[in-house]
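Colleague: Quick note on numbering: the sequence shown equals residues 1 to 137 in this note's numbering.
Just to be clear, a hint being listed does not mean it is correct.
What the hints assert, rightly or not - For lysine-lysine, the following PhoX-like pairs were computed, each having C-alpha atoms within a straight-line distance of at most 20 Å: (1) Lys121 <-> Lys35; (2) Lys92 <-> Lys125; (3) Lys92 <-> Lys32; (4) Lys121 <-> Lys86; (5) Lys32 <-> Lys125; (6) Lys125 <-> Lys86; (7) Lys121 <-> Lys32; (8) Lys35 <-> Lys92; (9) Lys121 <-> Lys92.
FYI, nobody ran anything at the bench for these hints, they're computed from the structure.
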Amino acid sequence: MQVFQSRFGQIEVDPDTIIHFPLGIPGFEDCKNYKLLHEESQDPQVLWLQSLDDSAAMFTLIEAERLGLNYMLTLSDEECDLIELKNAEDAKLFLILSRPDGSQISANTRAPLVINLQSRKGLQKLDVKADIVFRNT
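Take the sequences, apply the hints, and build the full model.
Modeller: What follows is the structure in structure tokens.
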């Protein structure tokens, strides 16, 4: 177990749960190792992606499917290799939430995070031009 400082105080992190972004996240290229945090709930709505390299870097996330979004997203062979993705069902899409100037919460649908749940490696797919289909959930 390793102990890291976060906005929520000290957190213990099992090295087997660390999510690695080989290229970092745009704007945070030096932050490559993260931990997903969530409320103590069986079905958390919102998650926090806490950088283990810089305690000030944390992103609020939501699973794309929770918003009723269906992405048709294509990753290049290089992107699949980068996160060791062999099966599409191992990938989970997350959207970064923001609340600029205290206004309404918005989700960045054009740059989802793709995380391979098996390898625990991720990337941010920029400028997605995928069709987004809204469905009632």
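Colleague: Compare the structure with each hint and give your call.
Modeller: Hints and how they fare:
1. Lys121 <-> Lys35: 11 Å, holds
2. Lys92 <-> Lys125: 12 Å, holds
3. Lys92 <-> Lys32: 18 Å, holds
4. Lys121 <-> Lys86: Judged against 20 Å, a Cα distance of about 12 Å means the pair holds.
5. Lys32 <-> Lys125: 15 Å, holds
6. Lys125 <-> Lys86: Distance ~17 Å between Lys125 and Lys86 Cα, so the pair holds.
7. Lys121 <-> Lys32: With a Cα-Cα distance of about 10 Å, the restraint between Lys121 and Lys32 holds, given a limit of 20 Å.
8. Lys35 <-> Lys92: This hinted pair holds, its Cα atoms lying about 15 Å apart.
9. Lys121 <-> Lys92: 11 Å, holds
This entry satisfies every hint, going by the numbered hints stated previously.
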